[in-house]
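Chemist: Single-letter residue listing:
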Amino acid sequence: MISEPSVEATVKTVSVPRHIAIVRITHWIVVLSVLGLLVSGIGILVSHPRLYWGETGSLGTDSLIDLPIPFIIGPSVWNRPFHFFFAWILVLSGLIYVAGGFITQHFRNDLLPAKAELRWNHIMAVVAEHLSWKRPRANAVGTYNVVQRLTYLAVVLGLFPAILWTGLAMSFGVTSVFPMLATALGGHQSARTLHFFFVTLLLLFAVVHIIMLYLAGFWSNVRAMITGYIPQGGKAR
Amino acid sequence: MSKFLTRRTFVTAGLATAAGASGLGAAVYFADRDGLIPPDHAGIVGVGETLTYATQRLLTSRHSLAREFKRSDISKVAPVNGPHPKDEKYLAFLADGFKDWRLSVEGLVARPVSFSLEELKRLPAETHILLHACEEGWSYIAEWTGVRLATVLDLVEPRPESRYVVFEPFANPNQSGRVVRVLWDSIDMADAFHPQTLLAYGMNGEALPADHGAPVRLRLSRHLGWKNTKYLSRIVVTDRRDYYRKSRGTWYGGI
Chain A
1 MISEPSVEAT VKTVSVPRHI AIVRITHWIV VLSVLGLLVS GIGILVSHPR LYWGETGSLG
61 TDSLIDLPIP FIIGPSVWNR PFHFFFAWIL VLSGLIYVAG GFITQHFRND LLPAKAELRW
121 NHIMAVVAEH LSWKRPRANA VGTYNVVQRL TYLAVVLGLF PAILWTGLAM SFGVTSVFPM
181 LATALGGHQS ARTLHFFFVT LLLLFAVVHI IMLYLAGFWS NVRAMITGYI PQGGKAR
Chain B
1001 MSKFLTRRTF VTAGLATAAG ASGLGAAVYF ADRDGLIPPD HAGIVGVGET LTYATQRLLT
1061 SRHSLAREFK RSDISKVAPV NGPHPKDEKY LAFLADGFKD WRLSVEGLVA RPVSFSLEEL
1121 KRLPAETHIL LHACEEGWSY IAEWTGVRLA TVLDLVEPRP ESRYVVFEPF ANPNQSGRVV
1181 RVLWDSIDMA DAFHPQTLLA YGMNGEALPA DHGAPVRLRL SRHLGWKNTK YLSRIVVTDR
1241 RDYYRKSRGT WYGGI
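First to last, the sequence lines map onto chains A and B. Okay, so the first sequence: first residue is 1 according to the working numbering, each after it adds one. Okay, so the second sequence: first residue is 1001 according to the working numbering, each after it adds one.
Do not rely on the hints blindly, as some may be mistaken.
What the hints assert, rightly or not - To give an idea of the interface, some chain A residues facing chain B are shown, with a C-beta separation under 10 Å as derived from the structure:
hint : residue
1    : Leu45
2    : Phe86
3    : Ser171
4    : Phe172
Honestly, the hints are just simulated from the structure, not real lab data. Predicted, not measured: the structure shown is a model, and the values here were computed from it. All residues carry an ideal CB built from backbone N, CA and C; glycine is no exception.
Kindly produce the complete structure, drawing on both the sequences and the hints.
Modeler: Structure follows, in structure tokens:
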């Protein structure tokens, strides 16, 4: 009779709530759809691994970048359909995340940096700490530091919309209604090149994100993003 | 009954499911009536395809115009994927400038008509400078001259129940002479009556080159290259939903 509540209390104090449900669910849906988009997107890219600037570009014209990938003629017909299938999942779950982020104040509480933290010296100190490959300090666990907040905000509100924009700018149907989407970028091929560029930035973010997870304790953080709680004694970022 | 599954939650869940199912059913009914569901809506890929098709049809008011360019924008290089047919029939047509070629327009129409190239050219001609992009990623700008498909369809008068227009090219034998596949395709009535949809017989001020689809090709301003059927020989208006071809994985393919 006496022992039961006390055990419960112990569990409660060590398992710190970390991520709300909407963040956890959409996080993993986004991970899966981005993986699907990467595979199908690379499938499309290898059929013409050259990038151009402006409206036009083909073999026989000057390219901006020749990617070190061999031309694979006649790629699978399924790349484009699957690219759109996963793009729809990403866009719809992204919209749910953004709407939920505002309603639950996830953006304001978890991602918007405090004004005091936005000083250059403070940001540089956090960056220096990260570059020294140190594990996070105990008091920093359970909340995002200023660099994390700025990075996540940039990915959510900058990188993903940029990838979506440059993707839509390649659509004739969409640009027939919103021609500015393509012309503002410099044209159809510029949109394609920038689509590739922003995806590369997203991959760079993903690589750093995963390295940081390893430094901070990979499984405890992955578990926190699944269950919503930081496990006993674990450190989550 | 258990604490978690009371009669009230059971009834509420049942009602919610019934409401959701009938709501979805109603949505599908109205979407289909308004031409928002592509023929290949089934399967995993069909989900994305249906969303893309329905969104574009709702968004683009059906006749939104693709971007047009200036003469000075015309590309010097205009690549093709796959050269023209090499069979005797096509080469004979090509040799005498398609004098005996005819384009038959038939199916669900009041007056089926067969046009010669000269007859097509006597119809009101239009010129559009458009971007042509391949699914692979490359693109070029060219000037296309031809007759609006809408003009031709108005002459043959499609019946009101028409849903799709099918385009059949010349049979295209492979190198061993066997006809392996005919790259036919179809579009919906919104694209068929779109003001930039041409039966093009001219490119960059000259007769349409053989590799670009001579004598006449379909030119769609809001689609990828593969949807622009080349070497046309027959056009069929239909209401059949199973009369379509998934040329590149899906039917609509509009990106």
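Chemist: Now look at each hint and say whether the structure bears it out.
Modeler: Tested hints:
Annotation: interface hint on A/Leu45 holds; nearest CB of chain B at approximately 7 Å, less than 10 Å. With a least beta-carbon distance of about 8 Å to chain B, the hint placing A/Phe86 at the interface is held under the 10 Å criterion. Of the supplied interface hints, the one on A/Ser171 holds, with its beta-carbon coming within about 5 Å of a beta-carbon of chain B, less than 10 Å. A distance limit of 10 Å between C-beta atoms decides the matter here; for A/Phe172 the minimum to chain B is near 4 Å, and the interface restraint holds.
Hint compliance for this structure: no hint is broken.
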